[in-house]
Structures are given as structure tokens and as C-alpha cells.
Amino acid sequence: MSAPTEEVEVAPSRFGSGRAREILADSWIALVLIALVIAFSVLRPSFATTFNFSNILVAASVLAVMATGQTYIIITAGIDLSVGSVLVFSSVVAVLTMRELGGISGGWGAALAGVAVGILAGVLWGLLNGLLIAKTKIPALIVTLGTLGMALGSAQLLSSGVDIAAVPPSYVKAIGFGKVLGVPVLVLIALAVLAVFYVVLSRTRFGRHTYAIGSNPEAARRAGIRVDRHLVKIYALQGLLSGLAGVLGLARFSTTTLSGHTADNLAVISAVVLGGTSLFGGYGSLIGTGVAVLIPVVLQNGLIILGVQPFWQTILIGAILIIAVFIDQLKRRARTA
Amino acid sequence: MLEAREITRSFGHVEALRGASFAAYPGEVVALVGDNGAGKSSLTRILVGADQPDSGEILIDGRPTVFSSPLAAQQEGVGVVYQDLALATDLDIPANLYLGRELMKTGLLGKLGFIDQKAMRAGTAKTYERFGVKPGSLGAPVSQLSGGQRQSVAVARSIAFGGRILFMDEPTAALGVLQTAKVLDLIRRVRDEGTAVVLISHNMTDVLDVADRVEVLRLGRRVATFSREQATLEVLVGAMTGQLDERRV
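Going down the list, the sequences are from chains Z and U. So for the first sequence, this note's numbering puts the first residue at 1197; every next one is plus one. So for the second sequence, this note's numbering puts the first residue at -9; every next one is plus one.
Watch out, some of these pointers could steer you wrong.
Under the rule of at most 25 Å between Cα atoms (straight-line distance), these lysine-lysine pairs were calculated in the PhoX-like manner [to be verified]:
1. Z:1333 <-> Z:1429
2. Z:1429 <-> U:95
3. Z:1429 <-> U:101
4. U:124 <-> U:108
5. U:95 <-> U:116
6. U:95 <-> U:108
None of these hints come from the bench; they were simulated from the model. From a predicted model like this one, the values you see are computed outputs, not experimental measurements.
Required output: the full structure, derived from the provided sequences and hints.
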């Protein structure tokens, strides 16, 4: 009787060391980030200004919102390639709504109606993704590749392929350029999203089931978890967050940015994987995502300031993604061996 | 406690069960043995609610019952550990033990979906203490546990919440000698706790080692029941292959 009790008392400290390892894994990517920042700062001191750091954080905010949902999805061993297109679609229907209600001469009423419509549109695309994936068992890769095309094409149809700048200035001023205690509102929104979803993932039944489904969907099913329904919810959440990212983008640029999001899925998925979440499902953390989402943005910003063609960022991120997944595979093999 | 009478089940032209009977009692390990195709899997699936019989009766404590689903069987205290264990191996032991029935925090937090991890860890420790088994590290992912330890997680899952009858499908099939011994030991401890353990196994060494009673299926029927003292390898193999039939008649 005494032996097992001892074992149990030892357990919390071992749990602690597991946490420590997790934090170490997260800080690994943080070290890479710091190295990048130092390197760019040394090469071009104008990189290391408060103004530029603020720019970087604002640019990362929109990606961070999408990467939050993508973390959940990848933990379930799924993927959502359609994020950038859903963002564009949401921003288009949002701005069309704003234009109907007054456009640049419209006030908060027009802005909030547009925001609501944009986010709702995102949820609907997410629901479509989730229902197709859960009910038809078509691989998420294919479903979201399909909706990537559908959402972008629909956005181009609705906007005739031309960017629309009918965003009420009060909205742009408050959300896009607003600051609270010196911190941009966009950054605060992204941090709030990360925080809420972090708590849900680590402390609630919803989060627990998300991990379980990614680890072993059959085990989850046998334990009475409604796996299909849970997946639909998660893709809908990703849709909601892509929609939110869309209306945040409107606030930042005061116009739609139809052609600016073709590589968003690359940046977002890279951030999630670099942040330590396993593409095989069952394992991952939003802290890692929150840190790693800065990497594509810092790269892009730094390369522009260095005068290097910014297209290099896309190349580098693509290569980094492949390396990160390779490392994940090695870790996975070591774990299951 | 759990009894099946004259169960029949056909799949198309194949009669998998032709009036099979079976019984399991508390505090006893009963082995269900038979050659391939004897009907072990079909009978097990029916007894754990995963399949319905064409005819025949299932009784719990002498009371006729119908297991319309695995959940219905679970509510009657019938649990099953399949060969694949069905564990979420990236999650730790308490998460697996309480999967699908997480303990929630009290009050508002609980209503918001917050889980009580501390209470689940404590509950897990208590369950393991009950069986006198070392869980290994509670916080480590199950993938880091040995085969035997994983088996114990699956077993604890099945009986921690009022399970009285535990079916174990080939629990040692994938295990080495040492781990097998540990699992057999676990089976004995669970039995000593008062649970009825049904061991479905091809491994006659394990069966002879741990079973208090052996029921033999052949061609969809129970053809023999042996007590621990009667059971020998020759007798079991004889009953499984039918060589004993002539002698018995």
C-alpha cells in the first residue's frame, strides 16, 4: 500500500519537469526570434526602433488571430488552408455592408454592422469546412483547398476584383491606429484572443477533448465524445477568427487587400508548427504559436529594411516550415518508439 | 452475476453463435477460450453491447436485460478493454482515465467548462491505490509508459467508475514476458477487488496461470466448463478441437 502512495506523491514534481520541458521547447523558438531581432538590429539599427517594433507587432496581430484557430485545428490533426481566402471574403462582405450604410461618411453603426457581417461570413465558411470534413470524411487538406478557391473567387466576384476602401474613418482611427497605454489596439485584441483561447485549451473540457481527438479519435469516440460535432465547432471557430482577422485588416489598411493574403496559410501554419504544435495531432501549445507567429513578420520586416527583396521571406518561411515538420517527425518517431 | 443463455447470432449464412451460454461471477477470473471462429468475438461483442443477439437472454444479477449499446452495458457495470486499448497516448493518465467524463470545477467555472485537474489527479491516485498498482508518472504522456502500464490505464478506465464486470480481449498479445506477468498480476488484483474478469485469450499458458474457471466455446456453443483444478493444457485443447466431445457423450 505504501509504495503506490509514494509514487503518487512523486508524480506532481515529474509533472513539473514535463512543464519545464514544454517551456524549454517554447523558449527554443523564442531564442530564434531574439537572434533574428539582434541580427537585423546589428545589420540595420533603424530596425530596432519602437516605431518599427510596434509595426511588427501590429502586422503579427492579424496573423496571430488566425494562428490561434489553426493551433486548435492542427492539434486535432487537421489543417485549414483556406484562412487567407476566408479573411479576404470576410473583409469584402464587411466593407460592402459598411458601404451600404454610408461608407467613409458612415459612423460606428455602419462599422459594427460590417464587422458583424464579416465575422458571420467567416463562421459560415468555417462551418462549411467543418461539416464537409466531419461528415463526408474528405481530407481536411482537400476540403480547405477547395474552400480556399471558393472563398477567394467569391470575394473577387463580389468586389469585381477591385479593392474597396469604404471603411468608416472612426473605426480605422479607433481600432486600426488606436492605442491604449501606448499599446496598439490591434495588438491588444490579438493578445486577448490568444489569452482566451489559451485558457480554453488548457483548462476546459473543450480543450481537453480537442487534444484527445487529435491524439486518438477512436479512443475519443469510445469515451463518448462527439468527435464530429467537436470538429465542426473547431473549424467554425477558425472561420470566426479568420473573419475577425478580416475586419481587423480593414481597420489597419482602411481598405480590403484582395491580393495580399495568398501566403497567409503558409505563414500561419508555419507559426503553429514552429511553435511546437505537432502536425500529427494531440500535442501543441498556444504560447509557442504566439511567439512563433512573430517569426514570419520579423523576417519580412527585417528583409525589407535591409533592402532585400521581400519575396525572400516567402522562400525562407517555406523552407523553415519543411524543416520544422521534419524535426516534428523525428520527435514523433522518438516518442512512439 | 452476468449470465448469457442460448445466444444465437448469424451473419448471412454463417451461424457464429448457435445457442451459446456463458457466466461470469464476482471475484473470479473466467477465461473464454476457443479456436478461431468458435464465436469468442461474436459472443464478447454481444455481452459488451457492441452487437445484438438474434435470440437468447442476457441476465445481470438474475434479471433479464438488453444491452442496446456499449454505453448501456457500461451503465450496468460491464466494461471492456480491447486489444488496441483505445488510449489517447499524448495525454497523461488522469486525462485518459477521465476522458469523456471529466470532473468539472464547482460553481460558475464548472458551468463555463473548466475541468478540475487536481481532483482528477487525486481520483487517479486513489484508483491505482485500490489495485495496489504503481501508475508510473501521472503527469507523463501515456506514450511514455510501458505496455503493461498502458494496459493498467485501460483497465482502470473500465472499472474505476462502478465497473463490476471487465472483459479483457487478448490483453497480453503484444507484450513480452515481464510485462505479461505484470498484466496477469493486475488481473488478479482486480479480481481480488471483487470484479468479475473475463479473459479472452489464445494464450493457454496465461489462461492456466490466472483463470479460476475456463469456459470453452466450439462452433458457436459452450462445450465445456472447467474449474482451475480440472483445467490442463490437454483438456483445454481437447475441448477446443472437439476431441473431448466423444468421451463426454
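Hint check results:
1. Z:1333 <-> Z:1429: Status holds; Cα separation ~16 Å.
2. Z:1429 <-> U:95: holds (23 Å)
3. Z:1429 <-> U:101: holds (18 Å)
4. U:124 <-> U:108: Answer holds: residue 124 of chain U to residue 108 of chain U is near 19 Å, not above 25 Å.
5. U:95 <-> U:116: holds (19 Å)
6. U:95 <-> U:108: Distance ~10 Å between residue 95 of chain U and residue 108 of chain U Cα, so the pair holds.
Consistency note: the structure conflicts with none of the earlier hints.
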